[in-house]
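*Asks:* Chain residues, written in single-letter form:
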Amino acid sequence: METFVLLIQIFIAAALINNFVLHYFVGVCPFLGVSRRVDTAFGMGCAVTFVMTVASLLSWTFTYFILRPGAPLPAWVWSRISGRSDVVVDLSVLSYIMYIFVIAASVQFVEMYVRKFFPPLYKAFGVFLPLITTNCAILFACLLIMKNLQDPTALWGLGESLTMAVGGGLGFTLAITLMAGIREELAMCDVPKPLEGAGIALVVAGTLAMAFMGFTGVDKSVAEALAKALH
Amino acid sequence: MSDSDPTALERFLNGILPENPIYRQLLGMCPTLAVTGAMKPAVTMAAATAFVLVSANLIVSLIRGLLKPHLRILVFTLTIATFVTIADKALAAYLYQMSKQLGPYVPLIIVNCIIISRCEICASKQSVGVALADALGMSLGFALGLASIATVREILGSGTWFGLPVLPSGWHGWGIMVLPPGAFLTLGLLLGAAEWLGQRRAARATGKA
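Chains as they are written, first to last, in this note's numbering: chain X, 1 to 231; chain W, 1001 to 1209.
One or more hints might be untrue.
[Unchecked claim] 27 angstroms max Cα-Cα, derived DSSO-like pairs, lysine-lysine:
#1 Lys147(X) <-> Lys1089(W)
#2 Lys1089(W) <-> Lys1100(W)
#3 Lys1040(W) <-> Lys147(X)
[What the hints assert, rightly or not] Some, not all, of what chain X presents toward chain W, calculated at C-beta under 10 angstroms:
#4 Ser95
#5 Ala104
#6 Leu144
#7 Gly157
#8 Glu196
#9 Gly199
[Stated by the list, open to error] For each label pair, taking beta carbons as the anchor points, the in silico distance ranges come out as:
#10 Glu2(X) <-> Gly1198(W): 55 to 61 angstroms
#11 Gln1097(W) <-> Pro69(X): 21 to 27 angstroms
#12 Gly157(X) <-> Asp1005(W): 52 to 58 angstroms
#13 Gly70(X) <-> Ile1086(W): 35 to 41 angstroms
#14 Pro152(X) <-> Gly1170(W): 33 to 39 angstroms
#15 Ile81(X) <-> Pro1006(W): 50 to 56 angstroms
#16 His1172(W) <-> Pro120(X): 55 to 61 angstroms
#17 Tyr122(X) <-> Ile1086(W): 47 to 53 angstroms
None of these hints come from the bench; they were simulated from the model.
Even for Gly, the Cβ is constructed at its ideal location relative to N, Cα and C.
Taking the hints into account, I'd like the entire structure generated from these sequences.
*Replies:* Right, here's the structure in full:
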C-alpha cells in the first residue's frame, strides 16, 4: 500500500507540480515550435510520452545493472578477470554517453515498430519522431533516474522510474496541448507587432507556469488523504 | 571550399549579434530559462557551454574528412557527450556548490541545439580556424544573451547583481522573477524589445533611402 501511495505521489509531482516544461524548462523547443495547432501538439505529446517511457525502461536497466556505483554486472566481469570480488566498480562516468545511445536507439526502434505495425499512427507522428532524439525532456528523465539510483536512500525501482516517465510525458502533453489551444485563439488577436510569434508565446508560457505553481503541495495532500482512506 | 563560405571574422561577428543564438535563432532555450535566476550560475553555464562548443567544433572540424553523412549526427552527439562529461567532472571537482546548484542542466548541454547546429552548419564544412572563430563568436553571443536575462531577473528578483546589492535596501525582491514564470516572462519581453529595436532600425533605414 505504501508503494502505491508513493507511486501516486511521484506521478502527480512529475505531471503537475514539477511539470517538465513549466518547472524544469526541458523540452521548451518543441513546446514553442510544435504548438501552433492542437492536433499536432497532442501528437507530439503522445510521441514524447511513448519514447520517454521506452527510454526510461532502458536507461533504468542500464543504470541499475551496469552504470551505478557497485552495479552487479561490471563487478562480476571484474571478478572473473582479476579473481577479486571486493572491488566496487563505478562506471557512472560513462552515463551520459550511454544515455545518448539509449535515446537514439529507442527513437529508432520506436520509429521502426510504429511504421511496421501502426502505419496511420506513423503518418500522424511524421517528422516528430526523429526530432525527439534531441529533445532534452527525454535525457532529463534519464538523468532523474540516474540521480535517484545513485542515492542509496532513494534507490528507485523500475516501477518508480516508469511512473515518473509516464507522469512526466503526460505532463508535457498537457502543457503543450494547453499551449496550442491558447495559441490557436491568439492567432485571431491583435498582438503588439514586436511580440508576435515567440515573444507572446513565451509570455503565455509564463502565465501558464504561474497557474501550474498553484499545484504546489497537491502531491503531499493527495498522498495523505489516500493513506488515511486506505488504513 | 567555395568563395561564398563566410570567413573566420564574419563567422565570429555573426555569432555575437546578427545570428545571436538566443535572440535571433531561439536555440538553447532550456539553459537560457533554467539557470538565469542569478548572474553566477548564468556565467558558469555560459563558460561550460563555451568550453564544450569550442572543443566539439575543433574536433568535428579536424575529422570532417572522415564523416559519413548518415552517421554524422551520432558522431557529433558522442563528441559533445564526451566533452560534457569532462566539463561536468571538472565543475564537480573545483566548483562543487555551483555544480550542485546547476544540477542536471550541465549534462543537458549535450542536447543543447546550439552546439549541434554549429557542428552541422560550420565545423563539418570549414577549416579549423573558421570553426574556432565561429565557436567563439557563438559562445560570446550565448553568454551575452544569458547575462542580459540574468541581469534583469537577479536585479528585480533579489535586488543584487553577482551577489552584490545594487537596489536600495527597501527593495524586498520581486519573488516571481526568480521563479520559473519569471524566466518565461523576462525572455518573452526581452525578445519583444529586441524585435522592436530591430524593426525601428529597419524602418529608419528605409525612411532614409
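*Asks:* Holds or violated: 33 to 39 angstroms for the Cβ distance of Pro152(X) and Gly1170(W)?
*Replies:* Since the Cβ atoms of Pro152(X) and Gly1170(W) sit about 47 angstroms apart, the hinted range of 33 to 39 angstroms is violated.
*Asks:* Verify the CB-CB distance for Tyr122(X) and Ile1086(W) against the hinted window 47 to 53 angstroms.
*Replies:* Check failed, 39 angstroms falls outside 47 to 53 angstroms.
*Asks:* Starting from the range 52 to 58 angstroms, see whether the pair Gly157(X) and Asp1005(W) falls in it by beta-carbon distance.
*Replies:* holds (53 angstroms)
*Asks:* Hold the hint about Glu196(X) up to the distance rule: shortest CB distance to chain W must be less than 10 angstroms.
*Replies:* holds (8 angstroms)
*Asks:* Interface hint check: Leu144(X), Cβ to nearest Cβ on chain W, cutoff 10 angstroms. Holds or violated?
*Replies:* Holds: closest Cβ of chain W sits about 7 angstroms from Leu144(X), inside 10 angstroms.
*Asks:* Just tell me: holds or violated, for the beta carbon distance of Ile81(X) and Pro1006(W) against 50 to 56 angstroms?
*Replies:* holds (52 angstroms)
*Asks:* Does Gly157(X) pass the interface hint, meaning its C-beta sits closer than 10 angstroms to a C-beta of chain W?
*Replies:* At about 21 angstroms, which exceeds the 10 angstroms cut-off, the nearest Cβ of chain W leaves the hint on Gly157(X) violated.
*Asks:* Using the nearest Cβ pair, does Ser95(X) come within less than 10 angstroms of chain W?
*Replies:* It holds, given that the least Cβ distance between Ser95(X) and chain W is near 8 angstroms, below 10 angstroms.
*Asks:* Can you let me know if the beta-carbon spacing of Gln1097(W) and Pro69(X) is within 21 to 27 angstroms?
*Replies:* Holds - the Cβ-Cβ distance for Gln1097(W) and Pro69(X), about 22 angstroms, lies within 21 to 27 angstroms.
*Asks:* With a cut-off of 10 angstroms, does the beta carbon of Ala104(X) approach a beta carbon of chain W closely enough for the hint to hold?
*Replies:* Constraint on Ala104(X) satisfied, holds at 7 angstroms.
*Asks:* Hint check: Lys147(X) vs Lys1089(W), CA-CA at most 27 angstroms. Holds or violated?
*Replies:* holds (15 angstroms)
*Asks:* Is 35 to 41 angstroms a correct range for the gap between the Cβ atoms of Gly70(X) and Ile1086(W)?
*Replies:* violated (24 angstroms)
The earlier numbered hints that this structure contradicts are 7, 13, 14, 17.
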